[in-house]
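Undergrad: Heads up: the sequence lines are chains A and B, in that order.
Residues in the first sequence are numbered consecutively from 1, following the working numbering.
Residues in the second sequence are numbered consecutively from 230, following the working numbering.
Keep in mind the hints are simulated off the structure, nothing from the lab.
Be a bit skeptical, because a hint or two may be false.
Claimed, not checked - Which stretches of chain A does chain B cover? Using the computed rule of at least three CB atoms under 8 Å from a CB of chain B, they are: (1) 44–56; (2) 112–119; (3) 133–140.
Unchecked claim - Derived contacts from chain A toward chain B, CB cut-off under 8 Å, selection only: (4) Thr38; (5) Trp182; (6) Ile211.
Heads up, the beta-carbon is just placed ideally off N, CA and C, and yes, glycines get one too.
2 protein chains.
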Amino acid sequence: MSWPFAADDTPDEVIEAETARWEPLVGSVRALVDACVTSAVDDDRELAAARRDVESALARLRAATLPDTLGRLHAPAGRRRPWGNPVIGVRNPMAPPLVVHTDGSGRAEADFVCGAAYEGPPGLVHGGVVSLLLDQVLGHAVASAGRPGMTGTLTITYRRGTPLGTLRAEAWVEREEGVKTWARAHLLDPEGVTAEAEGVFILPRAVRERIAAAQAAEPSALRDVFDQR
Amino acid sequence: MSWPFAADDTPDEVIEAETARWEPLVGSVRALVDACVTSAVDDDRELAAARRDVESALARLRAATLPDTLGRLHAPAGRRRPWGNPVIGVRNPMAPPLVVHTDGSGRAEADFVCGAAYEGPPGLVHGGVVSLLLDQVLGHAVASAGRPGMTGTLTITYRRGTPLGTLRAEAWVEREEGVKTWARAHLLDPEGVTAEAEGVFILPRAVRERIAAAQAAEPSALRDVFDQR
Chain A
1 MSWPFAADDT PDEVIEAETA RWEPLVGSVR ALVDACVTSA VDDDRELAAA RRDVESALAR
61 LRAATLPDTL GRLHAPAGRR RPWGNPVIGV RNPMAPPLVV HTDGSGRAEA DFVCGAAYEG
121 PPGLVHGGVV SLLLDQVLGH AVASAGRPGM TGTLTITYRR GTPLGTLRAE AWVEREEGVK
181 TWARAHLLDP EGVTAEAEGV FILPRAVRER IAAAQAAEPS ALRDVFDQR
Chain B
230 MSWPFAADDT PDEVIEAETA RWEPLVGSVR ALVDACVTSA VDDDRELAAA RRDVESALAR
290 LRAATLPDTL GRLHAPAGRR RPWGNPVIGV RNPMAPPLVV HTDGSGRAEA DFVCGAAYEG
350 PPGLVHGGVV SLLLDQVLGH AVASAGRPGM TGTLTITYRR GTPLGTLRAE AWVEREEGVK
410 TWARAHLLDP EGVTAEAEGV FILPRAVRER IAAAQAAEPS ALRDVFDQR
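Construct the entire structure; sequences and hints are all you get.
TA: Laid out in structure tokens, this is it:
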């Protein structure tokens, strides 16, 4: 579930500076997460030394703590700063991360890699991770169509196991009716579709009011308000 | 999707020793993941120093790498060692981790905490993370009933946003028919149910054969073969 509901006039320089500030460290932590499940080191002293390194980094980061979550701090002006998001967040080491491309027509797509830390059945992406990834791209699709929303229902059909490695996700809006938007998505490995999703998204009241106001002011501005970055 | 398909005669001492070896380090990395999204440090030198610490730990862990993923290395004897699993794995810093309790009757439950790294909408658990957590407990439920399986379809109904914090997941088997098992689950915050799930799980051929063999040998051994730890 993305949260692209609000317009965001954050200057490009701020986005770029914050990304540049966090990306190297978070990239290293992401690699460390992977190493936790791929390492064959069994020397307890080495593992203890690694832990001391991690605790040192932790103490540095904990020298100052945000007064609230990134999501709450950046709402309502945080459309372009979903930095804590567990799928796309540049500050979240759990995120692969996906870089989701949208074209303003209700389509969203992302190419990415899922390594060993996403494993469920042997050699395969965890089925719940499949649903997590598809929920995210569905959210981008409805948002890019100017119909952002909270997920109401999400249905995943698993066609076959999704192998760890290079993957692609695609999503598109299928139908709009009142406050509801239906969107579909699928996940692909190099051989084709592995899982399909359908999501029903509910347009929140705040967004409905925003859309009404934007249309009254300048109808053509609507896409710009909701297009994902 | 859990992978509890195989019997596992790993001695308790091995499980305990491996858990004791990895839990402290992985716990620190988990805290570090959280710190990446909660830190207010904006001194680039401190962030660079933190990254050096992380790279030092990474170099130690990468001194030796497993020949394959934990899932593949531990299958088929890894029922009690889902250490890489992104929801329950003691070696996976992405996992909250859930400690799932089952009673052998097709019920599974877990109490856990989701912090800022699981945030989607402001202050709320990412809708896709909700589906990830529910898929996992559904897998435990069907396995504890002696009906382990790959997820065929998964349907999530979001009743309201799930706040970050203390949560509980419960799952139970509803119906069995041929190779299919239907199970339901819900996620609860302190106020009650926030999301519901239904999963259809497919009994793999290898498991069907194993069940047939176990029943032929000793009918009462079946629950023991599949009960989750």
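Undergrad: Determine for every hint whether it applies to the structure shown.
TA: We went through each hint and held it up to the structure:
For the stretch 44–56 of chain A, the assignment as covered by chain B holds, since 11 residues bring a beta-carbon within under 8 Å of that chain's beta-carbons and 3 suffice. For the stretch 112–119 of chain A, the stated coverage by chain B is satisfied: 4 residues place a CB nearer than 8 Å to a CB of that chain, which reaches the threshold of 3. For the stretch 133–140 of chain A, the proposed coverage by chain B is satisfied: 5 residues have a C-beta within less than 8 Å of a C-beta in that chain, meeting the threshold of three. Interface hint status for Thr38 (chain A): upheld, as the beta-carbon distance to the closest one in chain B is roughly 6 Å, under 8 Å.
Evaluation of the Trp182 (chain A) hint against chain B yields a violated restraint, the C-beta minimum of about 14 Å exceeding 8 Å. Restraint check, Ile211 (chain A) versus chain B: the minimum CB separation of about 18 Å is more than 8 Å; hint violated.
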